[in-house]
Amino acid sequence: MAVQYKQVFSTCVIFSLCLFFMNYALPIQSAEAFSDQVIQKGATGDDVVELQARLQYNGFYNGNIDGVYGWGTYWSVKNFQEEFGLETDGLVGDKMKNKLETSTEYDEEFVQEALQNGRKFTHYGSTPKHIQKGPKGGKNKQQQKPAPSKQQEEQQGGGQQRQGQRRQEQPQDGAGEQAPAEQGQQEQPQQQGQEQVDEDQSNQANIQKAMNVPDGYSENDIQIMSNAVYGEARGEPYVGQVAVAAVIINRIESPTFPNTASGVIFEPRAFTAVMDGQIYMTPNEEARKAVLDAINGQDPSEGSLYYYNPVTATSDWVAQRPQVKTIGKHVFAK
Amino acid sequence: MVKNVLIGVLAAAVIGTGWWGANQASQKEALEINSENNYQRAFHDLSFHLDQIEDEVGSTLAMNSREQLSSSLAQVWRLTSLAQSELGQLPLGLMALNETENLLSKIGDFSYKTTIRDLGEKPLSDQEYEQLQRFYKEAGEIRHDLRKLQASALKEQYKWTEAEQVMADNDAPMDNSIVNGFQTIDNKVKGFKETEFGSEMGQGFAPDVEKKIAESVKGKALSKQEAAKKAKQFLGVPDSMEVEIDELDEESLGFEGYTLTVQEPEGEDEIYMDMTKRGGHPLWFLQSRPIDEPEMSLNEASNKGLAFLEENGYENMELADGKQYDTVGVFQFVTQKDDVKIYPDTVYVEVALDDGEVVGYKASDYIANHHQRDDLSPSISAEEAKAQVNPNVDVQEEGLAVIHNEDDEEILCYEFYGTIENDTFRIYINAEDGDEENVKKMQEAEPVYDTM
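These protein sequences, in sequence, are chains G and H.
Residue numbering for the first sequence follows the UniProt record's numbering, starting at 1 and increasing by one per position.
Residue numbering for the second sequence follows the UniProt record's numbering, starting at 1 and increasing by one per position.
Mixed in with the good hints, there may be bad ones.
Distance condition first, Cα-Cα at most 27 Å in a straight line; then the derived DSS-like pairs of lysine-lysine [what the hints assert, rightly or not]:
1) Lys211/H - Lys337/H
2) Lys232/H - Lys329/G
3) Lys137/H - Lys190/H
4) Lys113/H - Lys218/H
5) Lys159/H - Lys148/H
6) Lys78/G - Lys440/H
7) Lys218/H - Lys334/G
8) Lys78/G - Lys441/H
9) Lys329/G - Lys224/H
10) Lys212/H - Lys188/H
To be clear, the hints were calculated from the coordinates, so they are not data collected in a lab.
Construct the entire structure; sequences and hints are all you get.
So this is what it looks like as structure tokens:
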């Protein structure tokens with residue numbers, strides 16, 4: 001066993017050296033670089049995908065590559081900044097990007113494709129040498145880093161296991177073409193060396209697209225509410241649509257109404273669009289934006305709980321409520 | 001011959017239509033029975049649960065040991081929430097049961113607050129005991145009426161779907177036993193309200209933002225012209241823009257204000273804004289326009305948002321949170337004083353990422369809550385506060401913050417951000433006495449569920 005390890009280790013070292021030089025020889029690898037924006041928490045987009053992929057590459061980030069700079073990414077960035085003596089502000093600026101670009105690799109095509117197709121695979125850096133050698137070298141230098149290192153180890157091991165399997169099934173895409181000959185030689189010892197590694201580790205998807213949602217609401221809630229707003233208020237001015245969405249939210253928060261979005265919307269006889277089925281039309285982008293605005297705090301109705309169209313309204317009762325204002329065709333009331 | 005064929009065809013058509021019609025009718029009936037069953041179930045469940053509420057509230061009155069009391073009140077809390085949900089499933093429209101729902105939520109609120117309280121340290125006060133007695137009596141009356149209604153509904157076979165019909169064609173006065181029955185109950189509950197004491201009891205709602213705004217805005221009242229001018233200044237739009245301006249209804253809002261629509265004469269840009277009359281504080285504005293692909297980073301946008309606030313006289317604002325939703329960035333700014341984040345002073349700013357324009361702004365909270373805060377020094381040290389945090393939490397960030405507690409009072413807290421494995425938590429520890437005020441798991445981005 002010991003001999004085997006030694007063997008593995010030495011091949012690893014050689015291999016990582018090879019890789020190291022190759023990186024310099026073939027700069028195309030890391031040419032897919034960040035745009036020049038400063039990335040901050042809450043951001044979405046390709047730069048975030050790249051950031052997460054690169055951080056995952058050198059073991060700072062263990063979450064999903066999802067293209068949303070959330071809390072997990074935030075802590076990874078801060079750890080990275082601390083490690084490399086940068087200001088730990090969670091902002092990814094030029095310095096940090098340079099550090100990342102020189103110390104990691106990023107195969108944009110591969111990650112983006114996985115992201116688009118929602119394809120499941122374990123760890124970024126589909127080629128074993130990426131994940132095995134590249135980061136190892138880097139990691140030895142940063143061994144003192146406390147928390148993530150164990151997970152990191154497992155993650156890498158788990159990833160590697162599966163990659164070994166994948167390899168036999170299909171030719172590698174991405175950076176695999178770099179050094180086919182070496183890869184073939186490396187394959188066997190690596191797999192043996194990793195036998196003790198926890199096998200069921202990280203078998204779930206690790207690249208998955210995601211989006212920001214406001215606190216306390218799921219994307220599906222937003223969808224239902226967009227349906228309601230579209231059914232109730234399409235054709236109204238934008239502010240009127242926001243106001244309708246705000247009424248739904250005011251009702252959720254009011255003690256006299258159900259406490260969930262669906263409870264409020266599907267309360268029998270509460271909304272005409274629900275009664276006549278217009279709620280099942282596909283909402284447009286505007287309705288969705290109105291809902292997002294309302295959830296994010298906008299309330300043109302100033303806390304109204306009711307609204308009605310005075311032309312078509314059938315209920316006298318609602319007309320007696322104190323009115324706040326009229327937006328478009330709707331009168332909003334408390 | 002032709003005649004015979006014709007007769008044959010017509011006969012077939014008649015039979016076909018008849019068959020189709022019968023089919024339709026039975027389908028319709030099946031659907032109606034289906035929804036009737038749903039209504040019936042909600043109705044009977046409701047009555048059952050109100051029964052239980054009365055029983056449980058009743059037993060608490062006789063209880064002495066606090067363990068018993070807590071568990072009983074927890075039951076009440078659970079039952080009120082069930083009953084509320086069932087009320088929400090009945091096709092009674094909005095008006096019929098306002099008061100009843102209110103009462104249920106008060107009972108629920110009361111039992112929740114007393115359940116989580118350490119009754120050993122702070123037993124029920126006499127006042128609270130009286131309140132419980134009152135709830136018992138009120139729940140008893142509702143229960144009685146509801147049972148009666150239920151009995152006659154079963155005996156006379158009232159149909160909820162019929163009641164729904166009656167309510168739908170609203171022209172006729174509502175004459176339906178079910179609807180009338182519920183309205184009677186609700187009117188009765190309305191009567192209860194007058195006998196209630198103290199406004200602090202059972203108030204499910206935090207004091208209205210509107211009320212606070214009314215109290216906090218000062219300065220002279222602006223005329224319509226002045227308001228329009230102020231709005232354009234605030235938005236940084238040219239004077240040539242047309243402004244439509246209306247007064248907000250003061251009675252229903254509690255404060256005087258204007259609502260404005262600012263319109264570019266030729267463009268399609270429209271900006272909507274509400275403003276207080278006194279002092280002319282813009283409460284919020286919204287701009288509706290299509291937003292193109294993002295051209296700038298969230299970071300740049302947040303700086304633009306901050307610059308916008310500074311231009312308009314906000315001082316010491318700090319970014320507390322920011323999120324990108326496709327083409328817009330939404331930012332939460334709070335006042336920062338002596339390194340203390342003051343969350344009640346929140347302003348939301350929405351920035352379009354295509355050209356960095358501020359397209360949304362909401363400052364009601366800031367205007368309602370902003371005031372001079374002098375004593376912002378904690379009584380306990382950060383280390384002491386940290387000792388109160390669950391040891392499993394790996395604290396990553398710490399700071400001081402003023403937040404609203406559940407009773408809507410401002411309290412000074414230590415704010416800790418920490419992680420357990422891959423989850424991030426925000427923990428507030430009271431900076432006076434070290435109580436854990438609030439713990440929240442921070443929301444992560446939501447995966448896009450593949451529906452293919």
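Violations among the numbered hints, reported as their numbers in ascending order: 4 and 10
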